[in-house]
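Asks: As they're listed, the protein sequences go chains A and B. So the first sequence is numbered by this note's numbering: it starts at 2 and just counts up by one. So the second sequence is numbered by this note's numbering: it starts at 2 and just counts up by one.
Hints were generated in silico from the structure; no laboratory data involved. Do not rely on the hints blindly, as some may be mistaken.
For identical chains, the list gives no copy identity; a pair is met inside one copy or between any two copies.
Stated by the list, open to error - Quick list of in silico lysine-lysine cross-link-like pairs, DSBU-like style, CA-CA up to 30 Å: (1) K250 with K64; (2) K273 with K161; (3) K64 with K162; (4) K113 with K161; (5) K64 with K273; (6) K105 with K159.
Now for the letters of each chain:
Number of protein chains: 2
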Amino acid sequence: MRNVLFLSLLYCSFAFASPPAHPLSSSELLASSKPDDWRPVLPENTLYMELPSGRVILELNPKFAPESVANVVALAKENYWDGLAIIRVQDNYVVQWADPNDEKPELKKKLKNASEHVNAELDVPLNASVPFDVLSERDVYAREVGYSSGFAVGRDLKAKKMWPLHCYGAVGIGRATAPDSGNGTELYAVIGNAPRHLDRNVTVIGRVIQGMDLLSSLPRGHGDLGFYEKTEQRTTIRSLHLASRVDPKERTVLEVLRTDTPIFKQWVLARKNRTEDWFHYQAGHIDVCNIPIPIRETKR
Amino acid sequence: MRNVLFLSLLYCSFAFASPPAHPLSSSELLASSKPDDWRPVLPENTLYMELPSGRVILELNPKFAPESVANVVALAKENYWDGLAIIRVQDNYVVQWADPNDEKPELKKKLKNASEHVNAELDVPLNASVPFDVLSERDVYAREVGYSSGFAVGRDLKAKKMWPLHCYGAVGIGRATAPDSGNGTELYAVIGNAPRHLDRNVTVIGRVIQGMDLLSSLPRGHGDLGFYEKTEQRTTIRSLHLASRVDPKERTVLEVLRTDTPIFKQWVLARKNRTEDWFHYQAGHIDVCNIPIPIRETKR
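Chain A on its own, in the form it takes in the complex (with noise of 0.2 Å):
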């Protein structure tokens, strides 16, 4: 017999007849939910970045970051990104592109309508338009921790805070020693074990909603910080660009479960204290960053 590791699939869409007597493992729970449970992922905060193996969508999180993603927004309707590469992949930690003549005045890809200079957004103050679930777990770094839109963020009530956290997929925005030396043409992906020294270190400005195991996989440098070493094992972006500006009839169609609903309640339960027969030692707590924000790719 097979013997497998369990883990119950993130996407999944099928649904059951009847009532089960069990408490609702996270399978079941995502079946049974309503439409309302769900919210769209917007084409005018989606990134779509082309790649050679297929595409890998970004959400942006502007309310965290505003200057910061307005810039990277305006890069892409300039086509920055298209022909530059992935120059940088360090294994359990990140998967960084750029232009790889960055340090070459006179070879290195001209800005537009894009800025040369953004301030750094490590955190915001709290505010009533953002919203903040709180998750009821303790945390290693955070005071609090809970999700704000489908986005994993910690809150410290004393210092009247709150910032994106580096979970699994988080994006931020490649920077040299001074915080506000990167403007947002460098940008990188978490592909390991939650950085979260990285929290309010470096400006957050989304995170990647599909295609991860595209960025996950790809070979890792060997260079100092797991940068390439030769030109030829960069993987050259096809393009990257704001789904509203991508052909309707070429988007990809997201939902993200929303994080202010009884449902997502129940799904950090299920996640907590796992119901599947697979499972003997209930853990009884849970990770923020170990907290899978269920997405649906629905019809167009």
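Guided by the hints, dock chain B onto chain A, whose structure is given.
Replies: The following block gives chain B in isolation, referenced to the frame of chain A:
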């Protein structure tokens, strides 16, 4: 200027001449280590998994799973995995290897001296002969976490138990639903955010100490649970042998920074409050699975 996202190198071997004025960074600290701060990785506790892409090295942890480790060693001695394959790569979770014909009794590989049945070894009683060096940090899942001879472990003084943690690189025994349904023929390694909900649910036999990138960069499987759907997607295992049975000239000689030393305590401090100029916000906390346990290759 190349914008980078900073991570000090784990495998570093440079020396520095004069003591720096600021607290030592993690790389400076390793450079200041003494020979006695390191322990050898014993060939009799080391497995080499030879893939077409290179060598993956696993260190076994027999104190936490003696019966399971003994059976894995017996399997390696009878060349059980030679010619078998990596059959599952689930993104942000695990890589798993086994006999692809496991479910076909007429085709599956026969065991010679290894046992068909092994008891589950999910935790061990507190025992003076099994060290525990506490990490004075919060943890989401366990009452206490720390290290035991270079392996991340949890402890519950009330339940009088210790157990290995599912950090990045942890290697465990795939199983079906019953806790003792795995005999070591099917093994997995963690390639994503620490799936700590597996702690105490699966027998952990050790961890990958070199070559993680060869596993983590494999193409993901797109069948249920990340199993490959086509035979040709699998990676064949050339051999999986004990280092002690490999010609000494062909061995990789590794040392691990001892986790019961003052320098390891300093290492933890250097990782939780990063002194490198790149960091502007000090986390002040660190997750047990975010502290790399330094490994270095030495001359034969």
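Asks: Does each hint hold? Answer for all of them.
Replies: Structure-based check of all given hints:
Taking identical chains as interchangeable, the C-alpha atoms of K250 and K64 lie at most 30 Å apart only when both belong to the same chain, with a minimum of 28 Å there against 58 Å between chains. Taking the shortest Cα distances, K273 and K161 sit within 30 Å of each other both inside one copy (28 Å) and across copies (23 Å). For a Cα distance limit of 30 Å, the shortest separation of K64 from K162 inside one copy, 13 Å, qualifies, whereas the shortest one across copies, 45 Å, does not. For the homomeric pair K113 and K161, neither the shortest alpha-carbon distance inside one copy (37 Å) nor that between copies (64 Å) is at most 30 Å.
In this homomeric assembly, K64 and K273 come within 30 Å of each other (Cα to Cα) both inside a single copy, at 29 Å, and across copies, at 29 Å. Taking the closest pair of Cα atoms, K105 and K159 never come within 30 Å of each other, the shortest separation being 45 Å inside a single copy and 61 Å across copies.
Violated hints for the displayed structure, listed by number in ascending order: 4 and 6.
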